[in-house]
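*Asks:* With the sequences and hints as input, model every part of the structure.
2 protein chains.
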Amino acid sequence: MIVYSDKCEKIFKNEISGIDKKLNELFAGKEPLSLYEPCSYFLKGGGKRLRPILVIASAQTVNGNLKHVFNAAVAVELLHNFTLVHDDIMDNSSKRRGRATLHTKYDLSTAILTGDSLIAQAYQNLLKDSKINVNKIVLTFTNTIIEICEGQSLDKEFETRNNVSIDEYKKMIYKKTAALLEMCCSIGAQLSGASQKYIKAVSNYGNYLGMGFQIQDDLLDIIGEENEFGKKIGNDLIEGKKTYLFLRALEKAKRKDKLELLKVIKNNGIKPNEVDKYKNLYIKLGVIQDAEHEIMKYTKLALKNLSILPNRDGKDLMIWLAKILINRKK
Amino acid sequence: MIVYSDKCEKIFKNEISGIDKKLNELFAGKEPLSLYEPCSYFLKGGGKRLRPILVIASAQTVNGNLKHVFNAAVAVELLHNFTLVHDDIMDNSSKRRGRATLHTKYDLSTAILTGDSLIAQAYQNLLKDSKINVNKIVLTFTNTIIEICEGQSLDKEFETRNNVSIDEYKKMIYKKTAALLEMCCSIGAQLSGASQKYIKAVSNYGNYLGMGFQIQDDLLDIIGEENEFGKKIGNDLIEGKKTYLFLRALEKAKRKDKLELLKVIKNNGIKPNEVDKYKNLYIKLGVIQDAEHEIMKYTKLALKNLSILPNRDGKDLMIWLAKILINRKK
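Order-wise, the sequence lines are chains G and Y. For what it's worth, my numbering labels the leading residue of the first sequence as 1, then goes sequentially. For what it's worth, my numbering labels the leading residue of the second sequence as 1, then goes sequentially.
Computed cross-link-like contacts, SDA-like style, restricted to lysine to any residue with a CA-CA straight-line distance of at most 25 Å:
1. Y:LYS30 - G:PHE158
2. Y:LYS128 - G:THR140
3. G:LYS136 - Y:ASN65
4. G:LYS136 - Y:LYS67
Since the hints were made in silico from the structure, they are not lab data.
*Replies:* See the structure below:
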């Protein structure tokens, strides 16, 4: 098991370092500096690089040539960073990964423009790899951007709605998070000339991985380890976000407990010193186990879809990745 | 001459009404409403529809089938509207075409997201027409978005710089305005399967038309007719914008006149009751004629590039369009 993990980790570290190197070079010497310096600053903030890894792992799984998906892997990371830059404005966040967000470090106009240009730069990189089937790949990429915008729009809409169902929540996180992971796997396979069957299998893996990943995110807000650069525990509750745990608690709670939860909606969040009280309510209602169960369900669905795929090494990478994600602490 | 204009006007009115119809239908019934209602609202604001017309005229000029460029024409209008939505935020404009801008009518998040999704919807429409040569067309489209972001970035940069040269100004308006008109002509011809020579000719036409169009915009700020829905006369001066006229005046002015112009920079603009004073200074320095000369120069260059093109009817349309643009009053 350790050998297996070591092998996967080594492959991924190597691929990530290639992606990071490319992302560092991408804006060097480009003008105007007022546009490319903020691009460079933001991309240097790091991150898991999960999305480019999915492109690469997906290509490997269908026996693709990793060199042929390298620019597409860069493209999905640029696209992901566009969403972060604009989300930071919309969420009024001053920090990301322990550093000032773009609209805080520069100004609103710079942040909007940087995000806009990252979309176009993502397409530019995607087109470098697209020798075959380009129309379909660009369309997959484009449709995903639309899903992401719709997802973010629903997320904002939910902030002011009192009657969000878990089904609606799942539709929102599919659009906002899972659709991009699904697309990463899809274009990795498409660019490798994989069959429709294999493209579908890795796409499903990405979709389910994304669903589990987002619910895990919601869960870590409550049970995660707080650290200097990560988020504060209970932040979603403080901000009154309608997470999986919150909506599930609302569904299960009765009488006094329900009133406590409705107060969170009414007051658009709670005070930091109330986090423990609500955490205990979540424990009492069993929604932490419910979330763990959901994450496990989606992870199993993700892994199940890998069974038909040909390449054992590539598959190991994807299995390893799914396990890394459900075991992460932040 | 009247017959010639009538014919062109009839063709264009017909094409525009098709585009408008499509733009009206594009968002109907789509969800979430929190995203598509603002898209629909903004697109209904109207506008000259100059960019889709250029796609169509360009296709006609190279004997292309107009049906094959219809979706691309819709795409460039969506792209143009994305730039307007985000520019309105950056310029802090509360009105456009006599109606509330998106961030004013809704909120900042909605305006950012609407703009983002318009980019993706533009690509979606572009891809509908792209049966041939798709990689090149999507790349042309993508490179232009990057030019536009760079142009807008330079425009914002110039607001706080004191030493903008006319060459820098021209580079900025090329990126911010002319590059899109150039691209419209380019993809109209590319989608029609035109030769490189013809693609280059119509692209040059679009580029020069765009340069003339923007300087005309600067000129109309001073000599245009004020109306209920148009801009206020002298608005660029009030906002301290570094237009062609302002930079040319700064280049020509000496002593006391120069000091008056430097005051505009220092104070980030002038008071509304000072517009006439500065208009008279522009007249005295001859920069209104200089601007007219520049507009004429670019228009002639635009028309000159049409000479090698095959289709007389299509060419008539492009000549008519150039003349309409330099004779416009708002």
